[in-house]
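Numbering (my numbering), first residue to last: 861 to 1163.
Everything labelled a hint here was simulated from the structure, so no lab data went into it.
Treat each hint with caution, since some may be false.
Claimed, not checked - In silico SDA-like links for lysine to any residue, alpha-carbon gap of 25 angstroms or less:
no., residue 1, residue 2
1, Lys1006, Met938
2, Lys946, Tyr918
3, Lys988, Ser894
4, Lys1087, Ser1005
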Amino acid sequence: MEKDQLVTELSKVDFYRSVPADLTSKSRSGGVISIITILIVMLLLITETREFYAERRYSTIMVERVSGADNVAVDINMTVYDYHCKDIVIYYRLRTSGKVLGKIDMTHIFLTDLDDHFPGCMIEGETKIAKAAGFMEVTLRQAGSKNITLHHYIDHIILGDNVFHGDEAMWDDHIPEMVFNPLRDHSGDEGLPGEDVEYHLQLVHTAMQYEQGGEFSDPYQYTYSVKHHNTRDHYPGIKLFFEWSPITIHYGVKEYHHADLMGKWISVVGGVFTLSLFLHSFLVNSANSILDKSFASSTKLGA
861 MEKDQLVTEL
871 SKVDFYRSVP
881 ADLTSKSRSG
891 GVISIITILI
901 VMLLLITETR
911 EFYAERRYST
921 IMVERVSGAD
931 NVAVDINMTV
941 YDYHCKDIVI
951 YYRLRTSGKV
961 LGKIDMTHIF
971 LTDLDDHFPG
981 CMIEGETKIA
991 KAAGFMEVTL
1001 RQAGSKNITL
1011 HHYIDHIILG
1021 DNVFHGDEAM
1031 WDDHIPEMVF
1041 NPLRDHSGDE
1051 GLPGEDVEYH
1061 LQLVHTAMQY
1071 EQGGEFSDPY
1081 QYTYSVKHHN
1091 TRDHYPGIKL
1101 FFEWSPITIH
1111 YGVKEYHHAD
1121 LMGKWISVVG
1131 GVFTLSLFLH
1141 SFLVNSANSI
1151 LDKSFASSTK
1161 LGA
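The whole structure should be built from the sequences, with the hints applied where relevant.
Here it is in structure tokens:
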């Protein structure tokens, strides 16, 4: 008894009341539209699902201090011509006063002489520099004159994590390779005797995520300008000025939330079936209206 009463009470709040079968009719047009509707729903569901699981890359810009990044890795490959490696020294100086912060850690930097008949020193390897307003200086220990020129060639200078694979960035389809490392394959032979060659690098920290849920890499992308002026030091040098930006650019892959996918499915099914219902009603009513008018006209003519 209580069960029947409960069913009766629940039926009073039924929002989806059924229509008796004798009040409905089936039609071939309704069947055609139903088949077309199901095919469209399946196609849209497959499209939405594939779009949902496709890698969705994003980029954002923010002001952020990179924690634990007081020292930044530098991958350098350059050659200084006309001098042997024993004559070359590398410093890192403060930009404001020129005070030497210290010699570069040469543990993983290798200096290789080119040839006795063709003097030159290749500087290649990795080291770390303090993330301060400073510059790296490549100069001579001693020379017979101040009026000399340090002809050089820069293969590449990469700061932060090395995200390159050979000569291309791993994201070469999404981020131009030149954005990351424009100071590549550069010849510095345009300087005059007694002049410093200054490269001013405007650096921007970049956080890159290659796959959904993966770890971030931290390269630095930059643009640069070149300046020449008479040296104020004992000997001319090649100076790499690092200008650090507080901006961080994030490139990543959005997280998946399956509730969003369910919402898309519900929207597709509900929208398509509702539109099909209106379309079918419009076609049926239009056809009935045309038939009624034709029947009325034929009746009058027969009379």
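A quick look at each hint next to the structure:
no., hint, verdict
1, Lys1006 - Met938, "holds (22 angstroms)"
2, Lys946 - Tyr918, "violated (48 angstroms)"
3, Lys988 - Ser894, "violated (68 angstroms)"
4, Lys1087 - Ser1005, "holds (22 angstroms)"
Of the hints listed earlier, those the structure fails to meet are numbers 2, 3, in rising order.
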